[in-house]
Amino acid sequence: MYEKFMSLFSIIVRRTKALGWKLAAIFVVFIIAVVGIFLVYRDPGVPRYEFVKAVRKDLTGEVSVTGRVQPIEDVELSFEKASRVSSVRVRVGSMVVRGSVLAELDNGDLRANLAQADADVKAEEAKLAELKRGTRQEEIEIARAEVLAAEVAFSEAQNNFADKINDSFTKSDDVVRNKVDQFFTNPRSPYPRLNFETDTQLKNKLEFTRLVVENMLVRWQTNLENISSAGALDAQGKEARENLTTIKSFLEDIARAVNALTPTTGLSQTTVDSYKSDVSIARTNINTALSNLQAADEKLKTAQSNKILKEEGLKLKQAGRTQEEIAAQEARLLGVRAKADSIRVEIAKTILITPISGIVTKNNLKVGEIAEVRVPAISVIGEGGFEVIANVPESDIAALEKGHPARVTLDAYTSDDIFFAHIIRIDPAETIIDGVATYEIRLAFDKPDPRIRSGMTANIDIITGRRENVIVVPERAVVRKNGGKIVRTIDDAGSVHEVFVETGLSGSDGNVEILSGITEGDQVIIFERE
1 MYEKFMSLFS
11 IIVRRTKALG
21 WKLAAIFVVF
31 IIAVVGIFLV
41 YRDPGVPRYE
51 FVKAVRKDLT
61 GEVSVTGRVQ
71 PIEDVELSFE
81 KASRVSSVRV
91 RVGSMVVRGS
101 VLAELDNGDL
111 RANLAQADAD
121 VKAEEAKLAE
131 LKRGTRQEEI
141 EIARAEVLAA
151 EVAFSEAQNN
161 FADKINDSFT
171 KSDDVVRNKV
181 DQFFTNPRSP
191 YPRLNFETDT
201 QLKNKLEFTR
211 LVVENMLVRW
221 QTNLENISSA
231 GALDAQGKEA
241 RENLTTIKSF
251 LEDIARAVNA
261 LTPTTGLSQT
271 TVDSYKSDVS
281 IARTNINTAL
291 SNLQAADEKL
301 KTAQSNKILK
311 EEGLKLKQAG
321 RTQEEIAAQE
331 ARLLGVRAKA
341 DSIRVEIAKT
351 ILITPISGIV
361 TKNNLKVGEI
371 AEVRVPAISV
381 IGEGGFEVIA
391 NVPESDIAAL
401 EKGHPARVTL
411 DAYTSDDIFF
421 AHIIRIDPAE
431 TIIDGVATYE
441 IRLAFDKPDP
451 RIRSGMTANI
461 DIITGRRENV
471 IVVPERAVVR
481 KNGGKIVRTI
491 DDAGSVHEVF
501 VETGLSGSDG
511 NVEILSGITE
521 GDQVIIFERE
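Numbering (full-length UniProt numbering), first residue to last: 1 to 530.
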């Protein structure tokens with residue numbers, strides 16, 4: 001090739017003497033271009049195919065979306081009446097505790113009215129005290145008999161309440177140990193385990209609550225030994241209500257898990273129905289125990305109130321005044337107390353109190369301005385942490401499942417600042433954005449981090465699957481043909497073969513898992529020159 005080119009070049013040089021130099025130069029350029037094209041397209045050293053070898057490596061599938069950070073719990077507070085703002089006790093960024101006063105409207109006139117109402121209450125109480133004088137002996141004897149009857153009724157109510165407390169424990173013990181424990185392995189141990197599959201978060205909650213309930217029952221049984229005293233009876237009643245409420249909530253979670261069961265190879269429809277029936281009976285028993293306990297408590301309180309009333313009536317009779325006079329004065333006293341309470345309610349409408357603990361994020365109030373009714377004045381986000389909300393296109397939603405882990409980076413920080421999260425909810429209904437169907441997902445951060453703030457833009461990489469040491473090829477090497485997928489391989493002799501393959505996970509690096517069809521080391525064509 002080199003000798004031919006030099007021979008051609010010598011001919012061109014000899015002929016430049018016969019041609020003009022300009023025409024000769026044009027002719028030389030043309031010849032060089034032709035030779036260059038010939039060398040490029042006729043050089044046998046340039047291969048026709050580009051190929052790679054099928055290799056083994058770890059593969060990770062990901063779906064990447066963008067979302068925003070928002071608090072799990074937040075409230076917007078407003079006043080129930082319009083008035084001038086007299087004080088604002090917080091600013092944006094202030095930490096507040098549930099029940100804290102955040103701001104107050106001008107309520108001086110209401111407080112003056114309340115002071116007058118309280119004075120009226122004291123005056124009527126003084127008049128009532130003046131009426132407490134002795135009365136006729138026979139009326140006193142009747143009053144004493146009523147007091148004795150009230151004391152007997154009160155004692156019976158105490159015994160009934162104690163019986164209902166014991167019955168509450170008996171029903172609770174039966175429900176947990178005979179109805180619920182069939183769903184657990186080692187239910188009374190420090191490590192109870194749910195013996196059927198359900199949502200991971202619910203499973204963890206049920207196992208933890210079973211441990212809590214076990215400790216609660218043991219403690220409850222011990223405390224019942226001191227139920228004889230009046231003070232212990234009141235405390236036991238409170239404990240019984242709290243314990244029944246805990247078990248009721250536990251059964252609600254159990255019901256959620258059991259009602260989601262479907263027949264499987266190892267679980268018949270009869271067994272599923274039996275489980276559901278047992279849970280239903282357990283819930284009915286606990287609800288009955290709660291109702292009985294509440295009724296007994298109310299009966300006890302009524303008996304106690306009646307006893308006190310009878311005792312007070314006896315005192316009034318012994319004071320020498322008639323019951324009618326006392327009743328009339330008591331009615332007047334109730335009237336002025338109701339008026340005072342009504343004013344307190346109106347004052348409460350002028351005070352902004354936070355129902356949650358957290359951080360103030362917005363404050364639209366200024367001292368001296370008029371606050372409008374039901375217009376958000378102060379916003380508070382709770383201490384429960386943050387979550388990420390994102391919209392996933394329909395093309396990716398099928399790859400996502402509740403519980404999938406994710407890596408999150410925030411625009412406010414560098415790409416090296418990675419926060420780990422997991423999907424806690426996938427909205428079943430679509431949301432149309434710019435004409436495209438998307439689905440809202442929510443992710444919870446695995447750990448709290450003070451750097452996370454509401455409203456931050458989040459870049460989310462959701463891990464949909466991992467494969468270790470699998471055969472992979474570039475995804476562009478796989479093409480569809482005749483309803484299947486093929487790759488083209490080239491052997492050592494240069495022959496090309498079409499091989500049908502079965503693919504698995506598509507990786508975020510552009511590779512795809514090959515389940516069958518080719519083996520490690522096979523040469524796969526990724527490009528062919530025409």
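Heads up, a few of these hints could be off.
As the list claims (entries may be wrong) - Below, a list of computed lysine-lysine pairs in the DSS-like style, where the Cα atoms sit at most 30 angstroms apart:
(1) K127 - K315
(2) K349 - K339
(3) K122 - K447
The set of hints was computed from the structure by calculation and includes no laboratory data.
As the structure is a prediction and not an experimental result, all values here were calculated from the model.
| task | For the pair supplied as a hint, K349 and K339, confirm whether the alpha-carbon distance does not exceed 30 angstroms. | result | The given pair, whose Cα atoms are some 16 angstroms apart, holds under the 30 angstroms limit.
| task | For the pair we were handed, K122 and K447, check the Cα-Cα distance against 30 angstroms. | result | violated, 56 angstroms
| message | Just to be careful, I want the Cα atoms of K127 and K315 compared with a cutoff of 30 angstroms; is the pair within it? | response | holds, 16 angstroms
Of the hints listed earlier, the one the structure fails to meet is number 3.
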